[in-house]
Amino acid sequence: MESTVLNKTDDRIIQIESPVLNIDKLSVSYGGDKYSIKDVSAGIQKNKITAIMGPSGCGKSTLLRAINRMHELYPETHHKGGITLGDEDIYKINPIELRRKIGMVFQRPNPFPTMSIYDNVIAAYKLNGIKLKRSEKDEIVERSLREVGLWDETKDALHKKGTFLSGGQQQRLCIARALAYTPEVILLDEPTSALDPIATAKIEDLLVKLKKNYTIILVTHNMGQAARISDHSMFMYLGELVEYGKTKKMFTTPKDERTEAYLTGKFG
Amino acid sequence: MNTTNSISNQKLKWRVFNDKLFSIVMMTLAFISAVPLLSILYQLIKKGYKQIRLNFFIEVAPDTMEAMMAKVNHEIIPGGIANGIVGTLVIVGMASLIAIPLGLITGIYLSETSKGKMANIVRFVVDMLQGIPSIVLGVIAYIWIVKPVTSGFSALAGSVALSIMMLPSIIRSTEETLKMIPPTLKEAALSLGVPYYKTVLKVLLPTGMSGISTGIILGISRIAGETAPLMLTALGSSAINLDITQPSSAIPLLVWEFYNDPNLIDLIWGASLILLLIIFLLNIVAKAISKKWKVQY
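Protein chains in written order, with the working numbering: chain A, 1 to 268; chain B, 1 to 297.
Certain hints may be false.
Stated by the list, open to error - Taking lysine to any residue pairs in the SDA-like style, the calculated list, with each CA pair at most 25 Å apart, reads:
1) B/Lys179 with A/Gly31
2) A/Lys160 with B/Met180
3) A/Lys48 with A/His71
4) B/Lys294 with B/Thr184
5) A/Lys133 with B/Leu201
6) B/Lys198 with A/His71
7) A/Lys101 with A/Glu72
8) A/Lys101 with B/Thr199
9) A/Lys161 with B/Pro206
10) A/Lys133 with A/His159
11) A/Lys211 with A/Met223
12) A/Lys161 with B/Thr199
13) B/Lys292 with A/Ala157
14) A/Lys161 with B/Ala288
15) A/Lys161 with B/Leu205
16) A/Lys137 with B/Pro206
17) B/Lys115 with A/Asp33
18) A/Lys160 with B/Ser210
19) B/Lys291 with B/Ser221
20) B/Lys198 with B/Glu176
21) A/Lys133 with B/Lys198
22) A/Lys101 with A/Pro75
23) B/Lys294 with A/Ser166
24) B/Lys179 with A/Thr77
25) B/Lys198 with A/Tyr91
26) A/Lys160 with B/Thr199
27) A/Lys137 with A/Phe164
28) A/Lys161 with B/Trp293
29) B/Lys117 with A/His71
30) A/Lys161 with A/Leu132
31) A/Lys46 with A/Arg146
32) B/Lys115 with A/Tyr74
33) B/Lys147 with B/Leu102
34) B/Lys198 with A/Thr163
35) B/Lys198 with A/Glu72
To be clear, the hints were calculated from the coordinates, so they are not data collected in a lab. As the structure is a prediction and not an experimental result, all values here were calculated from the model.
Work out the full structure: start from the sequences and follow the hints.
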């Protein structure tokens, strides 16, 4: 067992030099002995888009959620192995602190329905009771909305409810909300699966722009999306990290036959 | 004509007829169920409108002698139900102060803890509480408050009895409303590094505000008309009373008193009408709030 893991590491898993985030032999269980992800080791490179692909139930969302410890919302979870952000063990810092460094965007746009667009962007400050001057708030709102390309569309309607926006706009608002705290890493869990193709294209363009300032990890069901925008790709199957490499290489010459089968549409 | 897939003209007509018949029957039955309410209103207005003047709201209930004199002289019975109105406001207000925080917290707890022994026990107890006859709650409040705390009948004892009656509806509506909120909203807040308690208080509660406050107001309107538990607790008072440790009147108590006094019996219509209008008003406010504060996800 140990030797096969080592073998895999040599061959199918790319080694990242000085990763911003390092996942080390991580296994996560939602209760009991059944692990949803098993022995996953991978480094995440700074300022790149890393896509996590795989069929339903392969553990890609679990892996993503383990990175900001959102999987702990289920009471019975436990894990083995660990993750480090920079040189900090994320399981040793308070999840509240951690989530301020690692932002997250979800499958369905989920702006806070009781808040205006403006308040949604600064929600992290507002809900945490961090007092800001009016000018500081204005600045954060404008910067974040500009970053997601929503400023021109919403600058005259900042005090309308966020839920009045279209689905794609709402999702960009949610990205702006995650950016307002200037996190180091942004996790996106199938962020375009509820959107139409045009809105999807906008989000994809946005992500490519955002990687200049942020490290992005993207779970996607859509191979095309991974191929279009990601620099590195992980392929997961049955809770295992099967292959991890440069996206272009992986899509043209996959090393594992399971990856090849998935990429050529034989399953998934 | 495609014979296998289409239906004959006659059959089609029959179906259209059936459809119409069904809607007519439905409308008739719906109307019939509205009849009791309309006839109650009609009765109360017909018999009570004469009493309802400004005095009715600002004067306390007359005593039997005054009423008898007025009756002999064929005048309108003097006085009003101010002691009842103030009493109801004080008792119900106090009951809300007790029940709302307790109910909210329990409702939040139940919505956040869907499994678990403790939560199931609480849920069961709340269901049982709903079924307890109100007179029994009066007895309990008598034992808990009237004897040991206020050493005598008091508005406070009435409030305690009514607050227990309110609890189940507040708890249930809070729980149900919060459960309807998409879990992604909670995740959104937690993923921003917002602590759990702030997520509940600042995201979930405001989002569920419409449903929760509707539940609270309906709870209030349910207890505003309660009589039995007040008989054993607040007892009644002929004067306006603001001291919660003292006996107090309430509109339903007044209706009961008027009913038991042949000279005052004519006042039950006006008093009932006011009680009914207060409850209607509460229901309308509840509707308006649930519409106005409705949150679109």
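Restraint status (C-alpha distance of B/Lys198 to B/Glu176 at most 25 Å)
holds, 20 Å
Below or equal to 25 Å on CA atoms is what counts here, so check B/Lys198 against A/His71.
holds, 19 Å
Given the hinted pair A/Lys133 and B/Lys198, is their Cα-Cα distance within 25 Å?
holds, 21 Å
Is B/Lys198 close enough to A/Glu72, meaning Cα to Cα at most 25 Å?
Given that 25 Å is the threshold and the Cα spacing comes to 17 Å, the pair holds.
Under the criterion that the straight-line Cα-Cα distance not exceed 25 Å, is the pair A/Lys101, A/Pro75 satisfied?
With a Cα-Cα distance of about 23 Å, the restraint between A/Lys101 and A/Pro75 holds, given a limit of 25 Å.
25 Å limit on alpha-carbon distance, applied to hinted pair B/Lys117 and A/His71:
It holds: about 23 Å lies between the C-alpha atoms, which stays within 25 Å.
For a C-alpha distance cap of 25 Å, please report whether A/Lys161 and B/Leu205 respect it.
Measuring from Cα to Cα gives roughly 17 Å; hence the hint holds.
Just to be careful, I want the Cα atoms of B/Lys115 and A/Asp33 compared with a cutoff of 25 Å; is the pair within it?
holds, 21 Å
Is the Cα-Cα distance between A/Lys133 and B/Leu201 25 Å or less?
holds, 24 Å
Taken at face value, is the distance from the CA of B/Thr184 to the CA of B/Lys294 at most 25 Å?
Holds, at roughly 18 Å.
Has the given pair, A/Lys161 with B/Ala288, been kept, meaning a C-alpha gap of at most 25 Å?
holds, 20 Å
So if I understand the rule, the pair passes when the alpha-carbon distance is 25 Å or less; does A/Lys161 with B/Trp293 pass?
With a Cα-Cα distance of about 13 Å, the restraint between A/Lys161 and B/Trp293 holds, given a limit of 25 Å.
Violated hints are absent here; each numbered hint is respected by the structure.
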